[in-house]
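*Asks:* Here is how the chains run, residue by residue.
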Amino acid sequence: MIFELEGFVANKVKVMEGVYYLSIESPSISSVAYPGQFVLIRVSPSLDPLLRRPFSIAGVKDGCVEVLFSVVGRGTELLSRVKIGDVLSLRGPLGKGFPAPSFELLLVGGGMGVAPLLFAHQRYGGKIVFGVKDKVYKGLCDWIRDNVGDGLSLFSEDGSIGERGTALDGALSLACSDAEVWVCGPDAMLYEAFRVLSGKVKRLLGSFESRMACGIGGCYGCSIRTKGGMKRVCYDGPVFDLREVF
Amino acid sequence: MDVSCEVGGLKLKSPLIISSGVWPFDPDLWRSPYTHGVGAICTKGLTLHPRDGNPGIRIWEVRGGLLNSIGLENPGVGGFVREYLPKLKDRDVPLIVNLWAGSLEELKPSMEILRDFESDIDAIELNVSCPNVGEKDHILRERLSELSSIFSCARRLWSGPLWVKLSPMSPQVISEALIAQEEGINAVVLANTWLGMAIDVNREKPVFERVTAGLSGPAIFPLTLRLVWEVKERVSIDVIGCGGISSWEDAVSMFLAGASAVEIGTITFLEIDAPAKILSGIGSYLKGKGYAYLKEIIGKAKGGRV
Ligand SMILES: Cc1cc2nc3c(=O)[nH]c(=O)nc-3n(C[C@H](O)[C@H](O)[C@H](O)COP(=O)(O)OP(=O)(O)OC[C@H]3O[C@@H](n4cnc5c(N)ncnc54)[C@H](O)[C@@H]3O)c2cc1C
Ligand SMILES: Cc1cc2nc3c(=O)[nH]c(=O)nc-3n(C[C@H](O)[C@H](O)[C@H](O)COP(=O)(O)O)c2cc1C
Ligand code: FES
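From first to last, the protein sequence lines are chains R and Y. According to this note's numbering, the first sequence is numbered sequentially starting from 878. According to this note's numbering, the second sequence is numbered sequentially starting from 2.
For the record, the hints were derived by calculation from the structure and aren't laboratory data. Since this is a predicted model, take the numbers as computed values, not measurements. Take these hints with a grain of salt, some might be off.
[To be verified] Derived lysine-lysine pairs resembling DSSO-like cross-links, with alpha carbons at most 30 Å apart:
#1 K1004/R to K1015/R
#2 K303/Y to K288/Y
#3 K288/Y to K301/Y
#4 K206/Y to K1010/R
#5 K1104/R to K301/Y
#6 K303/Y to K290/Y
#7 K973/R to K296/Y
#8 K1104/R to K278/Y
#9 K88/Y to K973/R
#10 K301/Y to K960/R
#11 K109/Y to K1108/R
#12 K1004/R to K960/R
#13 K1108/R to K90/Y
#14 K88/Y to K278/Y
#15 K1108/R to K301/Y
#16 K1077/R to K973/R
#17 K889/R to K1015/R
#18 K891/R to K1010/R
#19 K206/Y to K1108/R
[Claimed, not checked] Covered stretches of chain Y (chain R as the covering partner; in silico rule of three or more C-beta atoms under 8 Å from a C-beta of chain R):
#20 18-32
#21 42-54
#22 64-75
#23 103-114
Glycine is no exception: its CB is placed at the ideal position from the N, C-alpha and C atoms.
Could you put the whole structure together from the sequences, leaning on the hints where they help?
*Replies:* Written as structure tokens, this is what we have:
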């Protein structure tokens, strides 16, 4: 069941400059959502902007859907201005998320890709490896540490936070042949994960991003090419087996 | 308040049709509550053979509109009747097959496949207007005679309701609509997307691999309204307004200009319940003005029912 409903903003936190956490009341969506799924949020009550914006569900709590987002353009700028108590319209839960894990779980995130992994960790536990560029992201790393607690390994490219290296360096050191790895981050990171991890682990899944209009599989705006033909990120994904895509 | 309508050989509970290319084949979404206020749904444009669609960016938002370059990704007519049509049997709304009719060679076998499923299909909308797939340049007169053969072939092969969806980019839309009428088409849909483009200033390149793309959404509404007005002046078959309708005022304007029904697409991306909202606005408008039937306002801005 897909819902399109309004809910008030129950909590908002400025995690760091340009990164926000929102908790939006939506009992219908939060009760059926599972990790890897996403919502389309209407960022303005007017017809401008015309499209909703997709965001991974970063967790569910007390009948609320949580999202973690960074400001990159007009839509996310508008969203960053909402206040606690404002009303937002959510369409979701959308897409096919992660299937329940069958093996030891290793969650690997780069940048904002960490959002769906927080929900995965909330539901299934496992280890999280999170990588950032440098100490500009300290606020985000601190916030994630507060939310995840044990089982978090931090990496930064310049070594200023956690260990030196990328999230994938961390993943390589932790991955074993009995593990299942879920990766979220930019396309280049997903490809690199495929390259370095595909032969080493039991299962390797990644969450993809694409421009979206409908979010429900109708417009074919978000399609990507896979070995099994064209697939819609919003409907067949956003989670795909990396070995199926690359 | 009676908001039902008769259009192009169909009786619909609501004059609001979901236009082609926005609604998924997912059978759940062809049933209430998602179809509240919806009169009928057009399928994604189907081609004889399956198509992967265009590479590169396919969707780009602009002020007041949306550019798309999907390139008709679809499972093909055969794939549709095998995989999807059976699952849509339990739907709550009529199904209109949007069929790509780019050439006679492609149209004939497609229609022959669909003919075997005539009882499961409520109407066919011939799409002779997608801006995002290769099209030969035509001398205008040749184009008219080609359309005439396409329409008459389709008419021969399909006895049910048959509509054509024209391109707003043609300099001879009225002539094309008149040919549709001559060939026994039941309704003309005006229109498809308008050709536009966008440049990505960061990459300093056109956004779309094909450079041009189809513009839909609120920005095109006045352009489409004008087309409906002009064409309805010349044809006696039903005209269906399609392009940029986002509010009940837009829909009512289309009816007043002579449209018997309207199709809505892009607005559903923003509001999945747009049909319900627009229909309720139309109902309140009719009531406020003291009309009992929607059909009383069709063509009213032209001084009476057309
Ligand atoms: C399934 C999915 C989950 C996502 N989850 C998150 C998340 O949890 N946190 C987060 O910060 N971001 C997430 N994103 C990316 C986020 O949707 C974009 O950053 C956002 O849409 C940009 O909107 P804008 O108006 O600020 O940018 P603009 O550049 O002004 O956007 C213009 C248009 O491009 C689209 N667009 C731009 N970038 C992207 C992108 N990367 N992916 C999809 N559409 C894009 C927008 O939706 C809009 O239609 C996700 C994207 C997808 C597809
Ligand atoms: C993403 C997208 C895909 C479309 N695909 C088709 C199609 O396959 N066949 C077709 O006839 N029209 C297609 N259209 C055009 C719409 O059906 C409609 O004519 C157009 O968008 C104008 O209406 P609107 O402004 O209400 O969206 C598509 C439009 C969009 C936005
Ligand atoms: S966003 Fe429309 S099909 Fe994926």
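*Asks:* So, for every hint listed, does it hold in this structure?
*Replies:* Against the structure, the hints:
Pair hint K1004/R plus K1015/R holds up; C-alpha atoms about 20 Å apart against a cutoff of 30 Å. A C-alpha spacing of about 21 Å is found between K303/Y and K288/Y, which places the hinted pair at or below 30 Å, so the restraint holds. Proposed proximity of K288/Y and K301/Y is supported: the alpha carbons are some 16 Å apart, at most 30 Å. In summary, the hint linking K206/Y to K1010/R is supported, as the alpha carbons are separated by about 28 Å, within the 30 Å threshold.
Restraint check: the Cα-Cα separation between K1104/R and K301/Y comes to about 55 Å, which exceeds 30 Å; the hinted pair is violated. Distance hint between K303/Y and K290/Y is fulfilled; the C-alpha atoms sit about 17 Å from each other, no more than 30 Å. Restraint check for K973/R and K296/Y: the C-alpha separation of about 44 Å exceeds 30 Å, so the hint is violated. In summary, the hint linking K1104/R to K278/Y is not supported, as the alpha carbons are separated by about 41 Å, beyond the 30 Å threshold.
Of the supplied pair hints, the one linking K88/Y and K973/R holds, its CA atoms being roughly 20 Å apart against a limit of 30 Å. For a cut-off of 30 Å, the pair hint linking K301/Y to K960/R is broken: about 46 Å separates their Cα positions. For the hint pairing K109/Y with K1108/R, the CA-to-CA distance comes to about 29 Å; that is within 30 Å, so the pair holds. Straight-line distance between C-alpha atoms of K1004/R and K960/R comes to about 33 Å, which puts the hinted pair past the 30 Å bound.
Between the alpha carbons of K1108/R and K90/Y the distance comes to roughly 25 Å, so the proposed pair stays at or under 30 Å and holds. The hinted pair formed by K88/Y and K278/Y meets the criterion: a straight-line CA distance of about 28 Å does not exceed 30 Å. As the CA atoms of K1108/R and K301/Y are separated by approximately 46 Å, the hinted pair breaks the 30 Å bound. For the hint linking K1077/R to K973/R, the alpha-carbon distance of about 25 Å falls within 30 Å, and the restraint holds.
The hinted pair formed by K889/R and K1015/R meets the criterion: a straight-line CA distance of about 19 Å does not exceed 30 Å. The straight-line distance between the Cα atoms of K891/R and K1010/R is roughly 20 Å, inside the 30 Å bound, and the hint therefore holds. At most 30 Å may separate the alpha-carbon atoms for a hinted pair to count; K206/Y and K1108/R meet this at roughly 26 Å. Interface restraint, the segment 18-32 of chain Y with chain R: holds (8 residues with C-beta to C-beta distance below 8 Å; minimum three).
Counting residues of the segment 42-54 of chain Y whose CB lies closer than 8 Å to any CB of chain R gives 3, so the stated coverage by that chain holds, three being the minimum. Only residues whose C-beta sits within less than 8 Å of a C-beta in chain R count toward coverage, and the segment 64-75 of chain Y has 8 of them, enough to reach three; the restraint holds. Counting residues of the segment 103-114 of chain Y whose C-beta sits closer than 8 Å to any C-beta of chain R gives 0, which falls short of three, so the coverage hint is violated.
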